[in-house]
Amino acid sequence: MQFEVRSATDSVTEVVLSGRLDLDGVQAVQDRFTFAIAPRGVPALVDLAGVEFLASLGIGMFVSVAHALKAHKAPLVLFGARPMVHKTLTAAGVHNVLVLAGTRDEAMQRLA
Amino acid sequence: MVASLQLDVAPRLSAIGPAAASVREFLARHAVDSSASYATDLVFEELLSNVLRHGRAKASAVFVLLSVHAAEVELRVHDRGMEFDPTIASDEPQAEWGTGGRGLRLVHAFAQRLDYERVGGENRLRVCIARTG
Chain A
0 MQFEVRSATD
10 SVTEVVLSGR
20 LDLDGVQAVQ
30 DRFTFAIAPR
40 GVPALVDLAG
50 VEFLASLGIG
60 MFVSVAHALK
70 AHKAPLVLFG
80 ARPMVHKTLT
90 AAGVHNVLVL
100 AGTRDEAMQR
110 LA
Chain B
0 MVASLQLDVA
10 PRLSAIGPAA
20 ASVREFLARH
30 AVDSSASYAT
40 DLVFEELLSN
50 VLRHGRAKAS
60 AVFVLLSVHA
70 AEVELRVHDR
80 GMEFDPTIAS
90 DEPQAEWGTG
100 GRGLRLVHAF
110 AQRLDYERVG
120 GENRLRVCIA
130 RTG
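Chains A and B supply the protein sequences, listed in that same order.
Mapping of the first sequence onto numbering that gives the first Met the number 0: position 24 corresponds to residue 23, and the numbering continues sequentially without gaps.
Mapping of the second sequence onto numbering that gives the first Met the number 0: position 73 corresponds to residue 72, and the numbering continues sequentially without gaps.
So here's chain A without its partners, still in its complex pose (with noise of 0.2 angstroms):
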């Protein structure tokens, strides 16, 4: 499991994961991932082109960093899902918490 920091400015965090979210990808990433976003308080856009497998454990932590943005009324922005990443993710029913785009134009728009 793979975690960079695409850009991070004042007014948004970029960051890119790729690999398998499952149990160990998880416990790879997560404090990374974390610690990259949600101490900013900023909205944060999250590119998932690069992601093969997403368990419920990465859809847990990628609530609970949504959760943190949330107090600052800042959304996390996931986009490029593949679609049975995407597939998993609206089954899981976290539509109202997550924010998910197609593109990283419509997550850009998503964010004004």
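No lab work stands behind these hints: they were computed from the structure.
Heads up, a few of these hints could be off.
[As the list claims (entries may be wrong)] A few chain A residues that don't get close to chain B, going by computed Cβ distances all over 10 angstroms: (1) 9; (2) 49; (3) 83; (4) 86; (5) 87.
[Said to hold, decoys possible] Label pairs and their calculated CB-CB ranges: (6) A/107 - B/7: 30 to 36 angstroms; (7) A/9 - B/111: 45 to 51 angstroms; (8) B/82 - A/10: 40 to 46 angstroms; (9) B/1 - A/3: 40 to 46 angstroms; (10) A/10 - B/118: 54 to 60 angstroms; (11) B/86 - A/95: 41 to 47 angstroms.
Quick caveat: nothing in here was measured; it's all calculated off a predicted structure.
Note that CB positions come from ideal geometry on N, CA and C, so glycine has one too.
Since the structure of chain A is provided, determine the placement of chain B on it from the hints.
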């Protein structure tokens, strides 16, 4: 012809990753399409995680039998923990912002059918996942 893979997964979380890798390799070797493979991988991870994280299989290995049929993938999971019926149980978080749970919801969403029985102190779950390719 039915191809089968039998696994005895040690009762610790670190055993899930290698076991899941064996499941994926087996499905690829038998030309299971990517959607059904993903669904089986997810159901396997969520069920094993549920059994092991909630301490339902403290001492004994979890028995897994994976079978590839013409129209579906069949996953059997047997554990000797306390009685737990995933066909009627819920692990939904108590609040919308809850970070745990949702695994059983995913199992139900990606499986075509779940059957559970309690036999001789053992939970026996059978899950069928449709092959679409």
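Hint by hint, here is what the structure shows:
The beta carbon of residue 9 of chain A is kept farther than 10 angstroms from every beta carbon of chain B, the shortest such distance being approximately 26 angstroms. For residue 49 of chain A, the non-interface assignment is confirmed: its Cβ lies about 15 angstroms from the closest Cβ of chain B, beyond the 10 angstroms cut-off. Under the 10 angstroms C-beta cut-off, the non-interface status given to residue 83 of chain A relative to chain B is violated; the minimum distance is some 4 angstroms. Listed as outside the interface, residue 86 of chain A is inconsistent with that label: its C-beta sits roughly 8 angstroms from the nearest C-beta of chain B, within the 10 angstroms cut-off.
Annotated as non-interface, residue 87 of chain A brings its C-beta within 10 angstroms of a C-beta of chain B; the closest such distance is 6 angstroms. Checked against the hint of 30 to 36 angstroms, the pair residue 107 of chain A and residue 7 of chain B fails, with Cβ atoms roughly 49 angstroms apart. At roughly 49 angstroms, the beta-carbon separation of residue 9 of chain A and residue 111 of chain B lies within the given 45 to 51 angstroms, and the hint holds. Taking 40 to 46 angstroms as the suggested C-beta distance range, the pair residue 82 of chain B and residue 10 of chain A does not conform, at roughly 52 angstroms.
For residue 1 of chain B paired with residue 3 of chain A, a C-beta distance near 44 angstroms keeps the hint of 40 to 46 angstroms intact. About 59 angstroms separates the C-beta atoms of residue 10 of chain A and residue 118 of chain B, a value consistent with the hinted range of 54 to 60 angstroms. Against the hinted window of 41 to 47 angstroms, the Cβ-Cβ separation of residue 86 of chain B and residue 95 of chain A comes to about 26 angstroms, which falls outside the hint.
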